[in-house]
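**Student:** These are the residues of each chain, in order.
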Amino acid sequence: MRLPITAWVSIAHRASGVFIFAGTAVLIWMLDASLKSPESFAELQECLSGALFKLILWAVVSGLIYHSVAGVKHLVADFGIGETMEGGILGARITIGVSVVLILIAGAWIW
Amino acid sequence: MVTSVTSFGRSGLSDWLLQRVSAAILLAYFVFIVVAVWGGVDYASWKALFSQTWVRIFSLLAVLSLAAHAWIGMWAVLTDYLTERLMGTKGNVLRFCFQILCSLTIFVYVVWSIQILWSY
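First to last, the sequence lines map onto chains A and B.
Quick note on the working numbering: the first sequence kicks off at 377 and runs consecutively.
Quick note on the working numbering: the second sequence kicks off at 381 and runs consecutively.
Take every hint as true, because none was put in to throw you off.
Cross-link-like lysine to any residue pairs, in silico, SDA-like; alpha carbons within 25 Å at most:
no.	chain 1	residue 1	chain 2	residue 2
1	A	K430	B	G419
2	A	K412	B	I437
3	A	K430	B	V414
4	A	K430	A	H389
5	B	K427	A	S416
6	B	K427	A	L407
7	B	K427	A	A482
8	A	K430	B	K427
9	A	K412	B	A447
10	A	K412	B	V488
Source of the hints: derived by calculation from the structure; they are not laboratory data.
Extracted from the complex, chain A is given alone in its bound form:
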């Protein structure tokens, strides 16, 4: 589909929102396991050393990062900044750029 960059950034904001709403179950489950007992904390650490679980966590954290950055763009726009066509395109590019950097840092941190 041929869409402007601003449309992709907006669609991805929605998609990531739906995704992390489901992903919250993983995060609450992790909080549960991490606080229940020293044993369950150790089990969670064991879980987190597996590649599949690292991938799931990275996916959820990436969704959170993108949704947060795109959300900040919205808040900035609420103050009337970047409302022009050029501003919108620049904002979309910054959103993608900042997200990619933060997602890569998160990946490096998880692995």
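Position chain B relative to chain A; hints supplied.
**Tutor:** Then chain B, alone, in the frame of chain A:
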């Protein structure tokens, strides 16, 4: 005027403001958690962190913000794509089912979080 019966605050302006206030709280909590786990944690320090009252209150505030934020966000998505205009009466039925599913999920998240925060 047609008033929406399934939106969070029953008013677009109220939802608009709540979505932004809850977003700011969730962003602050996200940053707080990243800072807390960045250097690595062991059970004792993690448990000590979450046994402080202010952390529990901040966590519950984040969960309640998520409840409002997710409701408003999912409502916006569902009322855009699962509609009578796009798929006939089936759209209304499908949207209603998904909305029930969302509210049930939110309810579970809230109760589950309260249990984690105050029972361990």
